[in-house]
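Here are the chains, one letter per residue:
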Amino acid sequence: GDSVTQTEGLVTLTKGLPVMLNCTYQTTYSPFLFWYVQHLNEAPKLLLKSSTDNKRTEHQGFYATLHKSSSSFHLQKSSVQLSDSALYFCALKRGSALGRLHFGAGTQLIVIP
Amino acid sequence: DAGVTQTPRHEVAEKGQTIILKCEPVSGHNDLFWYRQTKIQGLELLSYFRSKSLMEDGGAFKDRFKAEMLNSSFSTLKIQPTEPKDSAVYLCASSLAKGEVFFGKGTRLTVV
Numbered sequence: 008g009d010s011v012t013q014t015e016g017l018v019t020l021t022k023g024l025p026v027m028l029n030c031t032y033q034t035t036y037s038p039f040l041f042w043y044v045q046h047l048n049e050a051p052k053l054l055l056k057s058s059t060d061n062k063r064t065e066h067q068g069f070y071a072t073l074h075k076s077s078s079s080f081h082l083q084k085s086s087v088q089l090s091d092s093a094l095y096f097c098a099l100k101r102g103s104a105l106g107r108l109h110f111g112a113g114t115q116l117i118v119i120p
Numbered sequence: 090d091a092g093v094t095q096t097p098r099h100e101v102a103e104k105g106q107t108i109i110l111k112c113e114p115v116s117g118h119n120d121l122f123w124y125r126q127t128k129i130q131g132l133e134l135l136s137y138f139r140s141k142s143l144m145e146d147g148g149a150f151k152d153r154f155k156a157e158m159l160n161s162s163f164s165t166l167k168i169q170p171t172e173p174k175d176s177a178v179y180l181c182a183s184s185l186a187k188g189e190v191f192f193g194k195g196t197r198l199t200v201v
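Protein sequences appear in the order of chains A and B. So that you can map any letter, position 43 of the first sequence is 50 in the numbering used here, and since no number is skipped, the others follow by simple counting. So that you can map any letter, position 81 of the second sequence is 170 in the numbering used here, and since no number is skipped, the others follow by simple counting.
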């Protein structure tokens with residue numbers, strides 16, 4: 008079946024440092040990958056999405072590239088801010104983009120001064 | 090435009106009670122999802138509706154959980170009877186068939 012793996016449960020970083028949150032997936036269909044961000048007591052919101060192989064997608068300083076060869080869609084930012092502290096979910100839909108999202112377990116990012 | 094609206098935002102129930110959570114999807118969206126969120130399990134799918142038809146029912150949740158779409162603009166999730174292990178945040182989400190999924194702020198359920 009379809010699945011998403013996020014290897015880090017918790018990442019703690021000092022403000023200004025770069026971050027990479029890992030996301031790998033499994034599917035037999037053409038993949039459509041998403042990153043959602045959830046701040047405390049808020050709804051998850053879409054941060055990035057991509058279905059195009061080897062093309063970087065960016066939003067609000069975050070970026071990710073879908074690599075179908077390695078089944079990965081890692082989230083990166085060159086300089087984290089205190090406001091980036093949140094829960095980040097990687098999610099997968101089948102290539103038609105129909106149907107449900109399959110979520111990873113989530114990575115809690117904490118940025119300290 | 091209004092987003093996904095969930096009520097109540099907080100619910101406290103005694104073990105064995107029946108509770109009903111409510112969700113109003115974004116107007117015009119034809120996909121609706123119910124997820125349960127816990128720190129240990131993350132986001133687990135409870136139910137998925139397309140145009141009011143049940144497309145997927147989370148296998149582990151069939152026993153005491155029942156989601157319904159009474160019309161295209163309203164859905165309920167009934168938990169009967171509640172157990173302490175049901176304490177979690179319940180998220181409702183909606184989307185167009187191939188569009189971005191929008192989430193509500195959730196209902197935090199505490200079962201004592």
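Please keep in mind that the hints were generated in silico from the structure rather than gathered at the bench. Some clues are possibly wrong.
Each computed EDC-like pair below joins lysine to aspartate or glutamate, with the alpha-carbon atoms no more than 16 Å apart [stated by the list, open to error]:
hint, chain 1, residue 1, chain 2, residue 2
1, B, Lys-128, A, Glu-15
2, B, Lys-141, B, Glu-157
3, B, Lys-187, B, Glu-172
4, B, Lys-187, B, Asp-175
5, B, Lys-104, B, Glu-172
6, B, Lys-111, B, Glu-100
7, B, Lys-128, A, Glu-49
8, A, Lys-52, A, Asp-91
9, B, Lys-104, B, Asp-175
10, B, Lys-194, B, Glu-172
11, A, Lys-56, B, Glu-133
12, A, Lys-52, B, Glu-189
13, B, Lys-194, A, Glu-49
14, B, Lys-167, B, Glu-189
15, B, Lys-194, B, Glu-100
Item to check | Pairwise hint evaluation, B/Glu-100 against B/Lys-111, where the allowed Cα distance is 16 Å at most | outcome: holds (12 Å)
Item to check | Distance restraint between B/Lys-104 and B/Glu-172, which requires alpha-carbon spacing of 16 Å or less | outcome: holds (5 Å)
Checklist entry - Does the alpha-carbon distance linking B/Lys-194 and A/Glu-49 stay inside the 16 Å limit? => result Holds - the C-alpha atoms of A/Glu-49 and B/Lys-194 are around 5 Å apart, at most 16 Å.
Checklist entry - Taken at face value, is the distance from the CA of B/Asp-175 to the CA of B/Lys-104 at most 16 Å? => result Given that 16 Å is the threshold and the Cα spacing comes to 10 Å, the pair holds.
Next on the checklist: For a C-alpha distance cap of 16 Å, please report whether A/Lys-52 and A/Asp-91 respect it.
Outcome noted: Satisfied, since the Cα-Cα distance of roughly 13 Å is no more than 16 Å.
Next on the checklist: Just to be careful, I want the Cα atoms of B/Lys-194 and B/Glu-172 compared with a cutoff of 16 Å; is the pair within it?
Outcome noted: violated (23 Å)
Next on the checklist: Holds or violated: B/Lys-141 and B/Glu-157, Cα atoms, limit 16 Å.
Outcome noted: holds (8 Å)
Checklist entry - Quick one, are B/Lys-128 and A/Glu-49 close enough, alpha carbons at most 16 Å? => result OK: B/Lys-128 and A/Glu-49 at ~15 Å, within 16 Å.
Item to check | B/Lys-128 paired with A/Glu-15 [C-alpha distance capped at 16 Å] | outcome: holds (13 Å)
Item to check | Holds or violated: B/Lys-187 to B/Asp-175, with C-alpha atoms at most 16 Å apart | outcome: violated (31 Å)
Next on the checklist: Tell me if the straight-line CA distance from B/Lys-167 to B/Glu-189 falls inside 16 Å.
Outcome noted: violated (26 Å)
Next on the checklist: Run the distance test for B/Lys-194 versus B/Glu-100: straight-line Cα separation, threshold 16 Å.
Outcome noted: holds (14 Å)
Violated hints, listed in ascending order, are 3, 4, 10, 11, 14; each of the other numbered hints is respected by the structure.
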